[in-house]
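K.L.:
What follows is the residue order along each chain.
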Amino acid sequence: MATALAAPARSPLRLRMPRLSTSRVTFAVAVVWLAIVAAAALIPGLLGPGDPAALDPSQVLTAPGEQALLGTDHYGRSVLTLLVHGARTALVIGLAATALGLVLGGWFGLLAGYLGGWVDMLVGRVVDMLMCFPGVLLALVIASGLGASTTNLIIAVGISAAPGFARVMRGQVLSVRSRLYVEAARSMGFGSGRIIVCHVLPNALAPSAVLATVTVGTSIVAAASLSFLGLGVRSDVPDWGQLLSMGQPYLASAWWISTFPGVVLTLTVIAVSLVGDWLRDRMDSD
Amino acid sequence: MTTPMVPAGHAKSAGRKAPSRPMTTAEDPIVTLHGVTKEFRVAQAPGPFAPRSTLRAVDDVAVSMARGETFGLVGESGSGKSTLGRLAVGLTEPTSGEVEFDGRILSQLRRPELRRARRDMQVVFQDPLGSLNPRMRIGEIIAEPLRVFENLSGSSLQDRVDELLRAVGLDPSRAHARPRTLSGGQRQRVGIARAIALNPSLVLADEAVSALDVSVQAQITNLLMDLRERLGLSYLFIAHGLPIVRHVAHRVGVMYLGRLVEVAPTETLFANPQHPYTRALLAASPDPDPAARRERIVLQGEPPSPMNLPSGCRFRTRCPIAREVCAAEAPPLVPLGGGHEVECHFPGEREKMAA
Amino acid sequence: MTDTLLRLNGVRVELDRGSTTIPLVREATLEVGRGEIVCLVGESGSGKSVTARTIMGLTQLDAAMRVSGTASFDGTDLFALPPVQMRRLRGRELAMVFQEPLSSLDPVFGVEFQLREALRRRERLSRTAERARLRECLAEVGIHDGDRVLRSHPHELSGGMCQRVMIAMALLARPRLLIADEPTTALDVTIQAQILELIDRLRTEEGMAVLLVTHDMGVAAELADRIVVMYSGRVVETAPPQEVLAHPAHPYTAGLLGSIPPMRGPRPQMLPTIGGSVPDPSRVPDGCAFHPRCPRAAAECSEQSPAFVPLTGGAVACWHPLVEESV
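Residue numbers (this note's numbering), protein chains in the order written: chain A, 142 to 427; chain B, 489 to 843; chain C, 3 to 329.
Some clues are possibly wrong.
Under 10 Å between C-beta atoms, here's a sample of chain A residues computed to sit facing chain B [claimed, not checked]:
#1 L321
#2 A326
#3 R327
#4 G330
#5 F331
#6 G332
#7 H340
#8 P343
Quick caveat, the hints were computed from the structure, so don't treat them as lab data.
Where is the CB? At the ideal position from N, CA and C, for every residue including glycine.
Generate the whole structure from the sequences, applying the supplied hints.
P.N.:
Here it is, written out as structure tokens:
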């Protein structure tokens with residue numbers, strides 16, 4: 142009896158197990174959540190009414206309730222509105238940084254894997270060096286060097302994601318390069334450019350694509366961390382990390398300012414990685 | 489076999505020309521190897537700093553192939569037959585010696601000339617699935633060389649692809665299929681269509697039928713022979729199955745540990761092998777013919793490591809007729825007339841061979 | 003066959019795919035006598051390897067496989083045997099050698115460890131006696147520098163050497179039936195000749211029965227006391243080699259033999275071929291599975307599956323076997 146009752150309660154960690162019978166349900170929930178986040182990013186007015194910058198001194202630090210669904214912060218801004226408007230920042234940074242990392246890292250990984258020799262040696266050493274830093278630390282160093290702005294945040298997070306892509310791409314290219322169909326293309330007399338673009342790249346892309354989905358999640362977290370430390374977006378742009386950081390002094394008195402951004406951030410990252418898992422399963426069976 | 493069977497997919501029963509009998513130095517050569525050697529550096533252990541040694545996969549081989557000829561190359565794994573094939577079609581460069589294709593030395597060609605020459609030399613690989621890009625449809629695979637090198641597009645490209653598919657016995661409606669959905673024989677037909685798309689003069693068939701089922705092997709062999717007649721192709725036909733080589737080749741070369749130890753017109757080689765290794769190879773090849781009465785020669789031991797070759801003749805460690813001189817001196821190349829050459833101190837001797 | 007060791011009767015193996023079942027072996031009926039070498043010949047997809055694995059009880063380990071029919075080994079019904087007893091039979095009475103010698107040996111352990119493990123399934127000896135027994139067994143399979151080989155790891159040995167070790171491992175148990183699944187396909191012909199000679203010698207000296215699975219009619223001709231031909235999951239012909247090779251009764255057997263180029267005599271311009279290819283196990287034609295490719299197919303061939311008809315020294319499953327005319 143007890144086991145039957147215990148069974149439905151699953152910890153969030155177990156949600157990630159792909160072969161559970163509930164995997165379809167969790168996948169659907171993840172997709173719906175991402176759809177909500179995407180909708181918030183595209184048309185924030187729809188979900189979070191009001192201006193995120195509108196200060197209301199009469200509503201400072203209101204607890205969640207009728208007046209403000211998720212409460213207000215110390216300036217009297219609605220936390221819900223801030224969260225909804227922050228979705229755009231999170232998604233833009235997550236996607237742009239991942240794209241930057243994929244293109245930058247993928248390109249060097251492709252060159253290293255295909256050309257081999259000293260190019261491979263050089264790229265390999267640089268990647269090893271960058272990989273010595275934890276990802277966030279690297280982003281932190283770059284961001285503090287560049288100064289705080291959305292663009293710089295993207296560059297910082299993107300560069301710190303690049304070594305991972307370089308490594309994955311290089312490994313895959315090395316394996317694809319020795320496949321017989323690449324040799325066949327070479328035996329036809331095709332040039333290197335054509336072989337890379339038409340025969341190597343399409344067959345080497347799958348693992349990087351899976352890594353990219355995961356990286357979107359980690360990039361959002363990395364960007365939020367940098368914002369939390371004050372190295373992120375400008376303070377007038379709504380952002381989850383910034384909100385987390387702002388709520389910190391009020392944790393004891395107004396828990397909602399930090400808690401809701403944290404929950405939203407966590408859910409989004411889990412949803413992204415669930416979709417990544419699904420993508421990987423699809424690619425494996427392909 | 490007296491049973492009449494279904495005729496091959498290609499009903500065209502144009503008489504096969506009597507095999508020409510070119511000498512080792514062919515009169516109108518399409519490709520000539522001048523003392524070609526290929527070495528590889530091999531790590532003796534895993535890891536970047538392991539000591540390396542030199543593996544001589546092909547050792548000073550001189551041979552020439554006539555235009556329109558099918559030259560069969562046989563030998564066991566490690567004999568260097570695949571490397572020799574790749575050298576002959578310029579897929580790899582010799583460590584020393586020269587490869588002459590159609591009157592031009594490949595190493596002296598500039599890059600664009602070399603790429604032009606490459607179109608004249610095509611390859612059909614052993615593993616038909618592995619040699620086809622899994623992300624492309626078979627129509628795209630065949631169209632690619634035509635698009636790149638002959639600038640075909642639109643309906644003229646489509647027509648040529650359909651024509652090629654029909655030429656290899658595939659229905660043009662299959663052009664949208666992916667390699668994975670085809671059978672082994674069909675995949676190899678795609679590989680062949682791609683190889684003949686640019687009208688090459690020389691095709692390297694590197695174990696092209698070895699991985700196929702027996703009945704499919706016969707279909708593909710017939711296709712290759714039919715294309716040879718229609719397109720005037722020369723084949724360098726590498727295989728470890730002797731019956732199939734006997735069937736397709738005009739001339740056969742036998743390789744052992746990087747050396748070409750015997751070359752002869754096919755019928756001569758199979759009827760009257762002179763090198764003890766060739767004889768052992770023939771004796772060991774399983775033959776379902778109930779009338780077969782055969783020499784029983786089971787070679788003892790295994791081929792030595794190509795990185796640590798025996799002195800003198802490299803076959804002496806397994807040779808049933810080896811004597812002292814075989815360990816002391818490398819065997820001479822003995823011409824036996826009629827294009828039959830053998831590298832052995834005691835060609836044709838079989839005294840000690842009855843077992 | 004008066005002294006039958008193994009008898010398969012109507013063995014059927016199906017792969018259960020949930021919504022559909024795919025027959026991998028539709029009807030395997032064959033016998034192996036004591037001390038006899040039977041060659042099971044067929045192309046890929048004929049079900050020959052699945053049949054061999056089913057005799058060993060290996061197919062059944064996969065929960066999605068459904069096995070029916072009977073297999074009696076020296077009077078014991080193999081399919082009715084509880085798993086524990088079947089396991090005891092494997093490696094003692096029954097032994098198997100696989101196609102890929104390198105991947106059938108565990109790369110992590112040395113040769114000696116793996117051979118010792120196999121030996122201990124049969125008998126417990128002192129360490130020195132064990133070693134002597136291993137060396138003796140390696141000598142039996144033609145390995146004379148036994149000590150070096152015992153010290154080696156599989157990757158340090160050549161393919162032929164690994165296959166000898168595999169056979170030695172199978173022999174340690176002194177099995178009464180050795181099942182060899184394409185044991186020489188991955189090897190060079192001169193090494194293949196050595197291994198085939200070895201198998202032949204062991205049969206003579208040890209009185210061991212052998213079921214050799216192969217795609218090569220030449221290998222079967224060399225070694226077999228009896229040849230069993232499978233096509234698309236069914237045994238279609240069985241007879242002594244001289245009969246099968248000289249007067250094949252089934253059109254498929256005839257076609258298979260015809261498509262092998264001759265090693266002597268005139269060279270034909272075109273090889274006779276069997277049109278089409280082996281059907282996918284999930285889409286086996288009705289009636290005789292060979293009828294769409296058969297030059298002798300008539301109306302009944304596409305309607306009803308032919309029964310086994312006895313012939314000189316064997317049997318054939320065909321509506322129009324090739325013997326009718328030669329009589």
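K.L.:
A separate judgement is required for each hint: does it hold in the structure or not?
P.N.:
We went through each hint and held it up to the structure:
no. : hint : result
1   : L321 : holds, 4 Å
2   : A326 : holds, 8 Å
3   : R327 : holds, 7 Å
4   : G330 : holds, 4 Å
5   : F331 : holds, 6 Å
6   : G332 : holds, 8 Å
7   : H340 : holds, 5 Å
8   : P343 : holds, 5 Å
Comparing the model with each earlier hint shows no violations; every hint is respected.
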